[in-house]
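Residues -18 to -1, 1 to 215, numbered by mature numbering (1 follows the signal peptide of the UniProt record, and there is no 0), are exactly what the sequence shown covers, in order.
Calculated from the structure, these hints are not laboratory results.
Each hint should be verified, as a subset may be incorrect.
In silico lysine to any residue, SDA-like type, Cα no more than 20 angstroms apart, as pairs [what the hints assert, rightly or not]:
| no. | residue 1 | residue 2 |
| --- | --- | --- |
| 1 | K126 | E168 |
| 2 | K143 | A84 |
| 3 | K50 | L33 |
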Amino acid sequence: MAFSHLLLLLLFLLGADGITFTLKNNCGATIWPGILTSYEAPSLLNGGLELKPGESKNITAPNNWSGKFWARDGCNFDSKGIGKCAVGDCGGTLHCEGKEGAPPVSLAEFVLGSESDSYDISLVNGYNMEVSVEPLGGDGNCSKISCSVDLSKCPQQMQYKVQGKAVACLSPCLVFNNPMACCTGEFSDPQNCQETSYTDVFKSNCPLAYNYAFDDATKSYTCTGADYVVSFC
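Take these sequences, add in the hints, and give me the full structure.
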């Protein structure tokens, strides 16, 4: 009896029920979602997986998990999971295992907590693919958010090209690498870090997303007791 009580206590403390993330591929081609776990939370699926067109995958995360999801494109992996991706590569492996996706990538970010979860879509590292986050159930500001950028409107100097075709849009910081574009130095506070004509391509297409460092704090959403669907395309 004492053992069963101890087991129940451990399951409660660890958040046995957890949160379910459903990753969905609505694209017309295979994608390879990457997963970066923050802090000391357990890794999910070793940081990466393959999703064929129309396929989805349910992943259970503990209640204290935090991290990011993004989609890799144009990947080619061998039987050992070694290879490269044209966009969003994380060190040449299928399982990112703690490595970030090389920008430009559009990110779905989460911080799960016992009181509430927070989530957002970030374009601070650029944009490579349409992404949306939809809470299922829950209480609070459980809004569905999405982001789709018209790559034809991405300025020439910000276009990320593969075989001569624009497949993603770099952030101004990645292009210009100066304090104003990166919100560093004298621009490293909300008053001096402001949108520019170069961030407008993101802001006009994705007003609900973080478009640059210190962007409007209201673009982070909070929800309690929900599961989440993260869709690409």
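Outcome of the hint check:
Only pairs whose Cα atoms come within 20 angstroms are accepted, and K126 paired with E168 is rejected, the gap being roughly 35 angstroms. Distance check on the hinted pair: K143 and A84 sit about 14 angstroms apart at the alpha-carbon level, within 20 angstroms; holds. A hinted pair counts as satisfied when its Cα atoms are at most 20 angstroms apart, and K50 with L33 qualifies at roughly 17 angstroms.
Of the numbered hints stated above, the single one contradicted by the structure is hint 1.
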